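Use the sequences and the hints to build the structure in full.
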Amino acid sequence: MLQLIRGFKDILPGEVELWQHIENQARALFHDFGYREIRVPLLEKTELFARGIGEDTDIVEKEMYTFADRKGEMITLRPEATASIVRAYIQHRFHAVDPVQKFFTIGPMFRRERPQKGRYRQFYQINAEALGIAEPMIDVQLIHLLVRLLQRLKVADATPHINSLGCPVCRPAFREALLAFIAERRDALCADCQRRSTRNPMRVLDCKVPGCREAMADAPAIIDHLCPACAVHFAMVREKLERLGITYHLDKRLVRGLDYYTRTTFEIHTAALGAQSAVAGGGRYDGLIELLGGPPTPGVGFAVGFDRLAEIVALQQNDFSRPPRLFIAALGPAAQTVAFEWQMALAEAGLHVEMDYAGHSLKAQMKRADRLGAALVLIVGDNEMKTGEAMLRDMATREQTPVALDRLVETLRQRLANL
RNA sequence: GUGGAUGUAGCUCAGCUGGCAGAGCACCGGGUUGUGGCCCCGGUUGUCGUGGGUUCAAGUCCCAUCAUCCACCCCA
Numbered sequence: 002m003l004q005l006i007r008g009f010k011d012i013l014p015g016e017v018e019l020w021q022h023i024e025n026q027a028r029a030l031f032h033d034f035g036y037r038e039i040r041v042p043l044l045e046k047t048e049l050f051a052r053g054i055g056e057d058t059d060i061v062e063k064e065m066y067t068f069a070d071r072k073g074e075m076i077t078l079r080p081e082a083t084a085s086i087v088r089a090y091i092q093h094r095f096h097a098v099d100p101v102q103k104f105f106t107i108g109p110m111f112r113r114e115r116p117q118k119g120r121y122r123q124f125y126q127i128n129a130e131a132l133g134i135a136e137p138m139i140d141v142q143l144i145h146l147l148v149r150l151l152q153r154l155k156v157a158d159a160t161p162h163i164n165s166l167g168c169p170v171c172r173p174a175f176r177e178a179l180l181a182f183i184a185e186r187r188d189a190l191c192a193d194c195q196r197r198s199t200r201n202p203m204r205v206l207d208c209k210v211p212g213c214r215e216a217m218a219d220a221p222a223i224i225d226h227l228c229p230a231c232a233v234h235f236a237m238v239r240e241k242l243e244r245l246g247i248t249y250h251l252d253k254r255l256v257r258g259l260d261y262y263t264r265t266t267f268e269i270h271t272a273a274l275g276a277q278s279a280v281a282g283g284g285r286y287d288g289l290i291e292l293l294g295g296p297p298t299p300g301v302g303f304a305v306g307f308d309r310l311a312e313i314v315a316l317q318q319n320d321f322s323r324p325p326r327l328f329i330a331a332l333g334p335a336a337q338t339v340a341f342e343w344q345m346a347l348a349e350a351g352l353h354v355e356m357d358y359a360g361h362s363l364k365a366q367m368k369r370a371d372r373l374g375a376a377l378v379l380i381v382g383d384n385e386m387k388t389g390e391a392m393l394r395d396m397a398t399r400e401q402t403p404v405a406l407d408r409l410v411e412t413l414r415q416r417l418a419n420l
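Residues 2 to 420 in the working numbering are what the first sequence lists, from first letter to last.
By construction, these hints were calculated from the structure, which means they are not laboratory data.
These numbers were taken from a predicted model, which means no experiment stands behind them.
Watch out, some of these pointers could steer you wrong.
The list that follows gives simulated cross-link-like pairs (lysine to aspartate or glutamate, DMTMM-like), each with its CA atoms no further than 20 Å apart [claimed, not checked]:
id : residue 1 : residue 2
1  : 387       : 407
2  : 241       : 252
3  : 155       : 18
4  : 103       : 24
5  : 368       : 407
6  : 209       : 219
7  : 209       : 188
8  : 253       : 207
9  : 253       : 225
Per label pair, the in silico range of CB-to-CB distance [to be verified]:
id : residue 1 : residue 2 : range
10 : 230       : 38        : 30 to 36 Å
11 : 399       : 276       : 48 to 54 Å
12 : 360       : 389       : 20 to 26 Å
13 : 195       : 321       : 47 to 53 Å
14 : 37        : 405       : 49 to 55 Å
15 : 169       : 21        : 28 to 34 Å
16 : 92        : 169       : 21 to 27 Å
17 : 351       : 116       : 40 to 46 Å
18 : 196       : 97        : 43 to 49 Å
Every residue, glycine too, gets a C-beta built ideally from N, C-alpha and C.
Written out as structure tokens, the structure is:
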């Protein structure tokens, strides 16, 4: 049997409704906050991600779907959306018209990781990006947006964890302090951290190995080494969060896996999915636009893990089925012929109507109507064709009333409106 | 990339020291010649993940491989 590719999955009818529900909530929220949808390609030149995300990151080093196309150009299935959105911002010269742009996008991303719960090779993200705004207000707006979205989706425990990663001004000094600290207790760290300590020392801070946690307990924190500008920025983010009544955890060990992040950084975790606990994350990336060839422009954004979010939402709310309003049980070829035409006419009038196409017994058709969850069943056979009145059965009350066939649409609309 | 567990009907799973491939649910039909849910009766559904090996005989034992799940790792 031909099967789908490892780490990929089908989203089947029944589950799709849940995805649509989440999308609808996100779109409505983004619309109200002035975020406009942007759709960028799934394929980009490899260079965009190599430069944007960082050559040394795990994503670029070993997780991207990168290949040569037929002319030998190196292209990559996008592992995230921010780099593409920033590329579009620069390419279409948004900064020249109005540097302030707020975008959102929803779509698939690709990373070749080992599949696991809530982790697929084609996975979906909801992204929001605010470009051209340096003020801490917009950091807070994005965190607020994230919290509101999760509230609307009835996700409990959606408390954001926040931190500041500083900027190119304050990070070197912190890096020195951290390296010095790590050097003193290198032997106590796990093998991974010993390797990390030279390449990406910030990662040692959020290692989960108990020995490392212990050794790093008193490690210097980034927020104690912020330059005055970053310190003020972060203080304002915290103050505004508090004024909005958004509870948050200050997590001095929170770091990011992508090189472009600066200043405010945030994540939302949940216990619902085991180890794949991060359901959303984001932060400020003030250097990225310039790095990708645009003018110096601040930026901040987040990504929500759609697959993970859908699994969490499904835990409390998983029935999004939309049963037909009416089932037409037709008996005999003559009735079936008119039923077929009614179904189309009623659909045209905005009513979801189902019928049986195979000419099963009335009993079988009633069973099917029940299983589909139809509120009403219209029973039409030779008798009804002669008298011009069909029987309309209310499945909940079992009451049956005659309905004139020539006034069918109006009667049904009335009856269904009252349900 | 590393470690562990699991693959048998559409779904959930049973199948002992190797001996005729099963149950429940679902689906189809009947009990009721034109009336659903509950009940009763009957029926359909299989590359036992795949490929090799051992054996008179393999769902069962061995090897390989693929996939899924869990954890590490990484991240959303």
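- Does the structure keep residue 155 and residue 18 at a Cα separation of 20 Å or less? holds, 16 Å
- Holds or violated: are the alpha carbons of residue 241 and residue 252 at most 20 Å from each other? Given pair residue 241, residue 252 holds - Cα atoms ~17 Å apart, limit 20 Å.
- Message: residue 209 and residue 188 were given as a pair; does the straight-line alpha-carbon distance stay at or below 20 Å?
- Response: Distance ~16 Å between residue 209 and residue 188 Cα, so the pair holds.
- Cβ separation of residue 37 and residue 405, checked against the hinted range 49 to 55 Å: holds, 51 Å
- Task: Assess, step by step, whether the Cα of residue 387 is no farther than 20 Å from the Cα of residue 407, and give holds or violated.
- Result: holds, 13 Å
- Task: For residue 351 and residue 116, compare the CB-CB distance with the range 40 to 46 Å and indicate the outcome.
- Result: holds, 42 Å
- Message: Need the status of pair residue 103, residue 24: alpha-carbon distance at most 20 Å?
- Response: holds, 18 Å
- Query: Do the beta carbons of residue 230 and residue 38 sit within 30 to 36 Å of each other?
  - Reply: For residue 38 against residue 230, whose Cβ atoms are near 33 Å apart, the range 30 to 36 Å holds.
- With 20 to 26 Å as the target window, see if residue 360 and residue 389 comply at their CB atoms. Taking Cβ atoms as reference, residue 360 and residue 389 lie about 22 Å apart, which means the hint holds.
- Message: Does the beta carbon distance between residue 196 and residue 97 stay inside 43 to 49 Å, or does it fall outside?
- Response: holds, 44 Å
- Item | Pair hint residue 209 and residue 219, alpha-carbon separation not exceeding 20 Å | Holds - the C-alpha atoms of residue 219 and residue 209 are around 15 Å apart, at most 20 Å.
- When you check the alpha-carbon spacing of residue 253 and residue 207, does it fall within 20 Å? holds, 9 Å
Going through the hint list in order, the structure does not satisfy hints 5, 15.
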